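So the sequences go chain by chain: A and B. First residue of the first sequence: 0, per numbering that gives the first Met the number 0; consecutive thereafter. First residue of the second sequence: 0, per numbering that gives the first Met the number 0; consecutive thereafter.
The set of hints was computed from the structure by calculation and includes no laboratory data. Just so you know, these numbers come straight off a predicted model, no measurement behind them. Even for Gly, the Cβ is constructed at its ideal location relative to N, Cα and C. Warning: the hint list may mix true and false statements.
Ranges of calculated distance between the beta carbons of each label pair, as one might list FRET restraints [as the list claims (entries may be wrong)]:
#1 A:Asp73 / B:Asp181: 53 to 61 Å
#2 A:Lys586 / B:Gly128: 29 to 37 Å
#3 A:Pro371 / B:Glu129: 36 to 44 Å
#4 A:Glu283 / B:Glu129: 35 to 43 Å
#5 A:Thr721 / B:Glu64: 37 to 45 Å
#6 A:Gly117 / B:Glu85: 50 to 58 Å
#7 A:Ala84 / B:Glu85: 27 to 35 Å
#8 B:Asn48 / A:Thr587: 48 to 56 Å
#9 B:Asp181 / A:Ser431: 31 to 39 Å
#10 A:Lys586 / B:Glu85: 44 to 52 Å
#11 A:Tyr680 / B:Glu129: 31 to 39 Å
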Amino acid sequence: MQVLKKDMNVSRRGFLKGASLGLMSVPLFGMNYSIAEENPLFSPTKPKGNSKFHHVTCPRNCRDACALIAEVQDGVMIDIKGDPAHPVTKGTACVKGHAYREYLYATDRIMYPMKRAGKKGEGKWERISWDEAFNFTAKKFKKIIDKYGGEAIGEFVYSGNEGYISKSVAPGNFFEKIGATRLVRNPCDWPRYAGTPSVIGTPYSKDALEFDLSDMYITWGSNEAYTAVHWAKFGQDVRRRGGKLITINTVRTPMASQSDMFIQLKPCSDSAFCLGVCKVLIEENLYDRKFVENYTMGFNDLIKETKEYTLKQLADMCGITVKEIEVFSREYAKAKAPAISHGDGGQRHFNGARLVRAVTFLPVLVGALTKPGAGLFWAYTNLKPCYTFDKVSPDLSPKDSKGKKIQRQTANYVQFGRALRLDNPTSLDTSSASYKEVKLKTPIRAVINYNTNLMVTAPNTQLVKDRLLKDNLFLVVMDPFNTDTVDYADIVMPAGTFLESEDVQNDQVSGYVCYNAAAAKLVGESKNNLEIFNGIAIAMGFKDECFTWNAEQILRMMFDTKFNKSQGTSYEKLKTIGWVKPVRNSKTMKEHFPYYPYHEKDNLVFKTKSGKCELFSQHFKNEGFHPVIDLGTDESYYKEHKDFGVEYLKKYPLYFMTPGTQLQNNSNWGSTKYIASRVDYDGYPELFMTKEDALLRGIIEGSVVSAKNELGEAFFRVRISTQMKDGITYAWNNIWLKTTKTKTGANFLCSDGISDLGQGSVYTASYIEVKKV
Amino acid sequence: MLKSQKGFLFDQNFCIGCKACEIACQVYHQQEDFINWRHVDTFFYNDTNMEKEVYISSSCHHCEEPECVKVCPTYAYIKRDDGIVELDRDKCIGCGYCEESCSYGAITLKGKDAKAQKCNMCAEKQDVGELPVCVAACPMDTLKLVDVRVSDAASMSKTTVGFEISSMKPSIRFYPKFRSGDYIKIN
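So that you can see chain B by itself, here it is in the shape it has in the complex (with noise of 0.2 Å):
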């Protein structure tokens, strides 16, 4: 067993879709314009008879049975027992594999040199006792580093509008919803 897994804890009920986690990702890792590991999705939802909209701010989810790891032919991709998906680019080949295989469309092949990447929880900087980048930039601290079984001790969600859980034991967990829709009553 590993000695942790850790993971994302997102509030939906807060993200204000600003993407500063995105671009600081990008920044920091210094992607090219184009790739974003971690991005921000809209969905929309009908909720007291209104249209809303809500975000998921989601990367890689350093999945507790990572797909990419099976499949990889050169074991280019290792799980950290602090539960973190690495990937060494150094033996990725570019066969694509991994790519496929990922449900939730968490690495990239097209980059200039036609490699595997993805989100590497910025293992480098938890090394040295910092947060990942995603985590340090949101402005409505939305986005919360915490290992998952913390999270699931604490009853948070493992679903979420836009989001569905898979057999790979994706390692992010969402606050549960805030409060209805209808906190004051219109009709």
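Looking at chain A on its own, in the form it has when it is part of the complex (with noise of 0.2 Å):
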């Protein structure tokens, strides 16, 4: 018989400020073996026992993808640590990493299978076995595809967990096999996919560690102190051997203030800033001529659209000097070997791609794409030869009666709200590149979360919260912690972390394949990704291989591949290393992408239609854009269109940013001791503000404030920064709701709407008023 306990409060932990702290530990296992809240040991000693020692990889999908050996005796981490070999990450893990064993064996793990035995969104359970969980879960999922089709189920998904079988493997066999509505997981980088393209053709950056070589290091939209620490070491490793630091953005991150200059653009005004740029290196002819003349297409465009404006105009449309631009232009054309580190955060709006586009104009100018430190870096790394998916993910997809392949409909992770809607569920039409907003043929019914939080992490938190409190929603919640999703779920099944789960994953800067290894023992109840899928494709009666695979099979058969085998790259290799680096250049990569950054050494080609650096861009100016640089910013967008309008900007006048804070990632560490305390601001989450915003508004340091637009209500208390300009305002994302008092958050004001081009999320680009409670 089932173990009944009704009303029993997840919450059971210290988490919630004034919550009781007695009885926190958590049984493991059987084991006396737990995060304590007391007792510091002031004279630490680990346990003494036979260490093993296991490579893992951090999967929060920061740049970095730390490389860390975790200490376990008995199946428990004891210790982790930095791998001091790796040649990216040195040896140390960020801030938050060193909490890995309190997030790892944290009070709030979920030990075992759960029903809701409440409302939604009451957060009370009844302990379930892990049959009942799948086969509860296989026959609803069932009667909903009887009724329904496949696609009336969704999953949520992304990001901060990159290992491929937790990410793509096991969750992509079984949506395949029951048809599910596909996600387009577009909240990261996606504009610089349609931006760098249209100027280089590649969307995979050169090997970070050339910044070895580079005497010049541009940070450019990205707070790399806080969201890729390891970058920032390199940047100001080029400093310290007398480099130059420079950094652009609207906000003074901690490597603007140690910069040699610190060029404060107004927010989404970067393509104003390059054609300001290029217009100096242009009519000082500080350009690299001869690179110009035979590996560019459109200059005499570009030299067009310089004349158009005037340098006071463009630094008047970007908030700085004329100085400013043209001090920057002679420093960048003067260095060897200048290196631009360009984030995901500075092109999360509505002009994302055209801003990248322009970006990537100016390494162009100066020819320093080829030269080694220099050029334009960003998170893409191509390590697609390493891999091979024809084995693990086998055909499974629902066929017609010709035996074709049914398309089936997509939702897409920004817009997973609109998606949720039963009325008019909505979502992007995948079939051209310009994304209109279509409707979904099928409403979905039934959800699996995992490896995210849809409450924290998808931007209009309402607009998802309106369908999560509905009955007609069966949401299975596939998490290790008690999440704010978690609350709205059916059926919560407690997944293991990585650090219990064996992977791989990729490096995102430098191109190394990580391997993760399952170094602890799952704690409490809880199943990896893969044996839950599994577990629900067997509930469901599926017999396909495929559900019965573990981690290593799907390992070895992803690792079968030709360049593989010609790398000597192995399973067992990885396992013992930890991670390879493939050799790519252009002999190896000759079959895969023979250009440029793997181009050979005397033929250049890029992979655009004209093989060359187009600054004038066709499919720009197809799709309504200026073909060269255009000058669209989130302002322009707003002021435009149909729905906002200059009243609107009125009504909302405070720019809203959502930035990353250096103590959480994705959502991960939301509760983790050490961590949630510091992002805490007295019950409530942090608005950054400038005094003279605040002034205006009766608000000053520690005011409640209310914080508003037409997609909801937040509420926050005031840190006044002198870090902005007038009229900007940022809150850190991915706070848990339920670590406030008021259960709301940055992501209550965060527009849904999507990138010009490359259906990229728009999460930098909000307007709200702020009032004082």
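Both chains come to you apart, so use the hints to assemble them.
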């Protein structure tokens, strides 16, 4: 018989201020080992025993992908440290990575499967067995599929769990089999892949280890100190060596204070700045004439465009001085190996793709692309030849009578709230590059939320919440922790963390294939993603072989590529060393991507239509944008859009950004000891605003305020800051709602609009008004 | 004379204020959530017409002439011959004299047992040849463990933005200013 524990509020933990801290230890498989809330170890000694050391890789989808080593005794992780041998992360985790043991053995880990025993949102549970969880879910899914079809089931995932098995293979096979609605995972840096390739043809960045050869590091629309700490080290090392450090950002980041030049642009005015720089480079004859002649097309169009504006006009658009544009241009042209580190946050605007395109012009003009240590760097490396998904992701998709794959509808991450609407479910038309909003033919009746926290990470939280509260959505949440989304679940399945699951992932900056051992024993009754998806599949009666595979089988099949064989990369090697970097040059990449940056030495070819760097883009023109550099901004988007207009900006005059704090990432660590308390400002999330903006509204440091726009309302406590210019505010993204008094946060105010091209998110493109409560 | 005077050498020029040192310390010593022996503080100053932020990471400075050692009625503090100021918590009666005497606020009695607690420079780690966790945790290499006499011989600074030296002779040194704010001349 099942143990019935109604009213067992899963909030059995101390992250809510004032909650009782008594008896907080989590029993781990009968061992008396736990993260105790008391008894500081003033003479800390490690437990005596035989330690085993495992390679793990932090999967949080920040650029660094820290190589870590977990020390484990009897299945319990007693310590975790950086791998000192790793060339990028060099033996240190970031601030939050140091708290991984508290994360793994947190007091809010879900220990067993649970079924909802109260209203949605109440967080009342009944303990059930795995069999019950699988069977209940399978029965429900089957019923929905019978009545509405497979597309009535959707997934919500992303980001911060980059393991291939956890994010792609395990869920992928299951959702293909049932023919679910596909999810376009577009929150990150998708404008990049419209913008940069429109100029230089590649979605792939150069190797960030080249920074060791740079004599100028430009941090652009990025806050490496908080979001990619080892890149901050790269930048600082350039400065240490006597090179120059330049910051281009709307907010005075920690690295801005240390920079030799800080250019504080108005939000997303980067395109105007770039046009200004092009103007100076051309008019002062500072560009690389030979490179431009040989490898670009559309240069005359660019010259023409630079003549349309005076530097003063462009500087005014950016909110900076003419002198700043001139000095930057001259310094940039003078540098021998200037590197631009271009961030993701800086492109989450309505002009994201246009902005990225404009930034890509600069290394082209000064001929920096092919110089070692110089060029444009972002977070995507080409490791495609290292994996094959042919075997691990068999074709399970439902077919029509002719045996042809049935095309299925897609929802997208950024607009998941819109897809969840019953009256008017919509998403983007992915059949063309213009991504018009289209109606979904099958409304969504069930969702599995895994590797993410829908209530916290998706924009426009209120719209999401409206549907999550309804009984006509069957919500399965797989998570290690009692997140905000768990509260709305019908079935909760305790999922293992990466520290307990074998997997592999990519490095995003340099090109390492990174191994992740199942270092620690799974806590409580939790299972990892693979076991859970296989469990549901088997309960649904699926007999396909793939639902019986374990992680090692999958990884061995995934690595079985010609490329890996030629490089000597194998499962065993990876498991032993922890990370392997394949040699990628014009020879080894010849079959895979023979273009820049893997071109032959004397045969520089770009994967554009013309084979050259395209300063004139027919594609951008076709989509209604300026084919050279388009100067549209968020402000112009709102002003010109029929749903907003000038009156809207008068009503909501404060620009609102949602950057990441260094203490969290993608809602991970949201409740972790030592972390959660640091993002809490006496019961509220923080809202940063300037003194002037605060004074105008009778607000002082510490005031509790209501922030509003047409999407919703959220409550914050104000921090007065000098980091921004007047009219600009920001709040940290991904703060757990349940750690705040009003259970509201930044994403209630975040636009769920879509970037100009590339269907990216616009997290940093909202306007609000703020009032003292 | 002490055999050595271990101390921290901090590079304000490159610290990005990420707090990795602070949390690594809390995790290793399993401090209560609201207590952090090491803390990163932010200071503002003006340089070439721009307000800038700098950070100082500090804990107990293991002073050469520590007041806490002098004022403790139960002799709970000892100064080791490598300069580390160590606290024997079994002897602590929670009177709080040490907390009052420390001009750097490095000692707290706010823990559950209401006894004094502070940074011990991870003495037990150093005794087996390992670095203090804060030093090992810094991704920017801005915190180092260096004998203050060595730092002084290398002309390291005794003060920096946001830090003043006291008569207790704190064993912390700072890298001198790396370069001026007008390396790139804008005007």
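How the hints compare with the structure:
Remark: the range hint 53 to 61 Å for aspartate 73 of chain A to aspartate 181 of chain B is upheld by a beta-carbon distance near 59 Å. The supplied range of 29 to 37 Å is broken by lysine 586 of chain A and glycine 128 of chain B, whose beta-carbon atoms lie about 45 Å from each other. Against the hinted window of 36 to 44 Å, the Cβ-Cβ separation of proline 371 of chain A and glutamate 129 of chain B comes to about 37 Å, which satisfies the hint. Taking the beta carbon of each, glutamate 283 of chain A and glutamate 129 of chain B are about 55 Å apart, not inside 35 to 43 Å as hinted.
Between threonine 721 of chain A and glutamate 64 of chain B the C-beta distance comes to about 38 Å, which sits within the given range of 37 to 45 Å. Taking the beta carbon of each, glycine 117 of chain A and glutamate 85 of chain B are about 52 Å apart, inside 50 to 58 Å as hinted. For alanine 84 of chain A and glutamate 85 of chain B, the hinted distance range of 27 to 35 Å is satisfied, since their beta carbons lie about 34 Å from each other. Separation of asparagine 48 of chain B from threonine 587 of chain A is about 51 Å and conforms to the stated range, judged on CB atoms against 48 to 56 Å.
The supplied range of 31 to 39 Å is broken by aspartate 181 of chain B and serine 431 of chain A, whose beta-carbon atoms lie about 51 Å from each other. Between lysine 586 of chain A and glutamate 85 of chain B the beta carbon distance is about 60 Å. The supplied range of 44 to 52 Å is therefore violated. At about 36 Å, the CB distance of tyrosine 680 of chain A to glutamate 129 of chain B agrees with the hint of 31 to 39 Å.
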